[in-house]
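Residue numbers (the working numbering): 2 to 150.
No wet-lab data here; the hints were simulated from the structure. Be aware that a few hints might be false.
[To be verified] List time: in silico EDC-like cross-link candidates among lysine to aspartate or glutamate, alpha-carbon distance up to 20 Å:
| no. | residue 1 | residue 2 |
| --- | --- | --- |
| 1 | K66 | D120 |
| 2 | K66 | E55 |
| 3 | K66 | D29 |
| 4 | K66 | E56 |
| 5 | K66 | E92 |
| 6 | K66 | E32 |
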Amino acid sequence: MTPRFDAISIITADLTASLAFYRRLGLDIPEGAESAPHVEVVLPGGQRLLWDTEEVIASFDPEWKRPAGGERVALAFACDGPQEVDALYAELVAAGHTGRLEPWDAVWGQRYAVVLDPDGCGVSLFAPASPAASADAPSPGAGASSGVK
């Protein structure tokens, strides 16, 4: 089983301004999406671009602080199941990478963890929390459908 690149997540202080900017670049973002704290669009090729407000991120990572250096983009990798999230997180930490958030069962129905890449950027690892959980459950940094979540 190999993790696969799935989504790019933008953490934004001003969702309305961010969505307007990306609409100007041609992304098909549903009208009215500004009223949601989490937005997703499917890109050509199937990858997704996601937006989360700073408040959404702080809701599950209370120690999160607005980056001073401009880091607002995080990568998210879909795993085949909860065990792969746990194993990959452990493997990366054992290899010397910093674990940001240990694996946990998130309220949005996914097993979720965050490891920092060598530059200090957060990389999310996620999978449905159980066989009954849907792979397209909405989440900050990871979900599987287009539109407003």
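query: If you check each hint against the structure, which ones fail?
result: 3, 5 and 6
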